[in-house]
Amino acid sequence: MTTILDPTDERVPVARQITARTGDISGVIGLLDISKPRGNVLLDELQSLLAARYPKVEIRRYAKPTFAKPCPSDLRLRIKSECSVLVEALAD
Amino acid sequence: MSATPLAFSLRDMAGETRQFPTGRPSLICFVKEDCNTCNLTAPVLEAFHQAWGDVANIWMLGQTADGNAILKDRHGLTLPILDDSALRTSLAWGFEIVPAVFWVGADGAPRAPLEGFVRQEWEALARQIAADLAAPPAAVHWSALPDWRPGCGSKHLDPDIHDRLLAEAEGSPIRARRIEIAPADDIDEFMFDQGFSDGLPLVPPTPERVLRMLSGTTRNAQDIVAVVPPNMAPATVEKIAINAVMAGCRPEYLPVVIAAVEAVCTDAFNMHGVTATTMGASPVLVINGPIRARIGMNMKLGALGTGNRANATIGRALRLVVRNLGGARPGGVDRSTLSSPMKFTMCFAEYEEGSPWDPLHVERGFQREDSVVTAFAMTSGPVQIVDQDSRKPDQIAGTLGLGLEGMFLSKIHRMPVDALLVVCPEHVKTLTSEGDYAKVRLRERIQAVTSRPLREMVSNEVSGAGIPLAAAAKMTEAQLAAPAPKFASDKFIHIVVAGSEAGKFSAAFHGWVTGAAGSAVVSRKIEC
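Going down the list, the protein sequences come from chains R and H.
Taken in order, the first sequence gives residues 16 to 107; the numbers are from my numbering.
Taken in order, the second sequence gives residues 2 to 529; the numbers are from my numbering.
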């Protein structure tokens, strides 16, 4: 029998369930631009499509300061408190 | 050993468990069968048992189970012989030589042990025991015994055994989860299967190896050195040591690995972004200061390549920490399009003694006698810059500039991106052949020779990269004619010296997104 020591952080990831799908779009939709080139072009187009199809839905725009770093906690908490749904534009 | 006798619970040869202490005075003697002096004292101990066994424990603790049976038969022993073949009690009692005999009197306090055999000492001990017990002397024919015989090294101090015992002992600094691998399993294959590896074989991080690794630092094994992105996992000294063992490090490298982990796990370095980018960035570590020589780092011939254990394994240990603790794995958070061999390892020392300039760490505000690790987030390198013809200082400086112009794409200029230029000794010699050639001047020369009219950066049929046509259309002729150097500022050009004395080949590492929006260069002092 050989014993070795665990090189990992030994943590068990928390299993999270995805939010229940209602089949409806309502409330506030957040659109998050991660600040990659042309991400805003994609989100502009998405915003106009959403506004046309769901005129009663409020759309709010957010942007990360830089795509190269994780979303700052303050921004993440603000989005969570203000939005029902978030769409994130990832790529250039 | 401590003033208080250490409790133990061991089986005798009848299979009966003997607990210590018992409340009676005790003579505890550690022996091993293949020690001649232990064999010399066995009949003496038996005589002690015959004399005092009714009022005191006269116990022999043997260090091998088979050997105990041999001792019993060879000497016709009737005293209790306890099995300490696990050697934990030997370790806990803390002697070096067998036979080691401890007299623990009625007061419960052990006397200093006798190690080996000095007849006068043993006789004195026998007199003391008889006095303490108010009992007649034991029937030992002392004059038939030699004056003196050396003992043997205790088995618990065997190099193969001692570190394992320490790792398993109470008070061991080891806290990590132990993974037991069955004898039928291949340990190397097991580690590959668990995803611990970067693709190359690993050294199994056994408790004894990790304990030896921890001897390389004075820091507490449970100190949290950093929180490792992307999973934000706390990295204790112990966890770093485990990964350093797997990478192949020697214990004396551990302080460098610890400092490197500290450096890259800062918000400024942004290891999450460096890991995640499709561009394939990776830390490049430059080591400065006295520790380079102390741990035998390579800064000369082949400094950026293979063949030196410290260079290779320090960089690899950092990568394994980020992989195994931080959870950064290709296809997971690591999204590199092509990635880079630097993601295995990239660490070298600066050849300070061959440099006409202040070394990197002094430029960055440290003392020359400090040992320092500096981490750069780099996406490619080392890219060779070849010039075997230039003989004038400005020519070589010009070559180094032209070599850097290819960073990312040669037509893109005014880049706010770090580059790490590694100047070889022969190029240094040419640079300084007419006197000092300051780094400031070299940076200025690099910027001067790479300055091109901005219009050469405009998107065109050859390459769509660069200034979009629409933006260029809004610029004046004067703006388009303005010279644009390769770098947005001289400060992005980092310069070190490394390499062998022969060969006119310098090299460059190319950066990633530099600064607050991406990654900044971070240095950390190495605490030895």
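In case anyone wonders, no lab produced these hints; they're calculated from the structure.
Heads up, a few of these hints could be off.
Stated by the list, open to error - Dumping the calculated DSSO-like pairs for lysine-lysine here, alpha-carbon to alpha-carbon at most 30 Å: (1) Lys505(H) - Lys393(H); (2) Lys475(H) - Lys505(H); (3) Lys440(H) - Lys79(R); (4) Lys393(H) - Lys475(H); (5) Lys412(H) - Lys301(H); (6) Lys505(H) - Lys492(H); (7) Lys301(H) - Lys51(R); (8) Lys440(H) - Lys301(H); (9) Lys51(R) - Lys393(H); (10) Lys79(R) - Lys51(R); (11) Lys412(H) - Lys526(H); (12) Lys301(H) - Lys475(H); (13) Lys492(H) - Lys430(H); (14) Lys412(H) - Lys79(R); (15) Lys412(H) - Lys51(R); (16) Lys79(R) - Lys393(H); (17) Lys475(H) - Lys526(H); (18) Lys526(H) - Lys492(H).
Hints and how they fare:
1. Lys505(H) - Lys393(H): holds (13 Å)
2. Lys475(H) - Lys505(H): violated (45 Å)
3. Lys440(H) - Lys79(R): With Cα atoms ~37 Å apart, Lys440(H) and Lys79(R) exceed 30 Å; violated.
4. Lys393(H) - Lys475(H): violated (42 Å)
5. Lys412(H) - Lys301(H): violated (33 Å)
6. Lys505(H) - Lys492(H): holds (25 Å)
7. Lys301(H) - Lys51(R): With Cα atoms ~41 Å apart, Lys301(H) and Lys51(R) exceed 30 Å; violated.
8. Lys440(H) - Lys301(H): Since the Cα atoms of Lys440(H) and Lys301(H) sit roughly 20 Å apart, the hinted pair holds (cutoff 30 Å).
9. Lys51(R) - Lys393(H): violated (44 Å)
10. Lys79(R) - Lys51(R): It holds: about 9 Å lies between the C-alpha atoms, which stays within 30 Å.
11. Lys412(H) - Lys526(H): violated (38 Å)
12. Lys301(H) - Lys475(H): Violated. Lys301(H) to Lys475(H) sits at ~51 Å, over the 30 Å cutoff.
13. Lys492(H) - Lys430(H): It holds: about 24 Å lies between the C-alpha atoms, which stays within 30 Å.
14. Lys412(H) - Lys79(R): holds (29 Å)
15. Lys412(H) - Lys51(R): holds (21 Å)
16. Lys79(R) - Lys393(H): Not satisfied, since the Cα-Cα distance of roughly 49 Å exceeds 30 Å.
17. Lys475(H) - Lys526(H): violated (49 Å)
18. Lys526(H) - Lys492(H): holds (22 Å)
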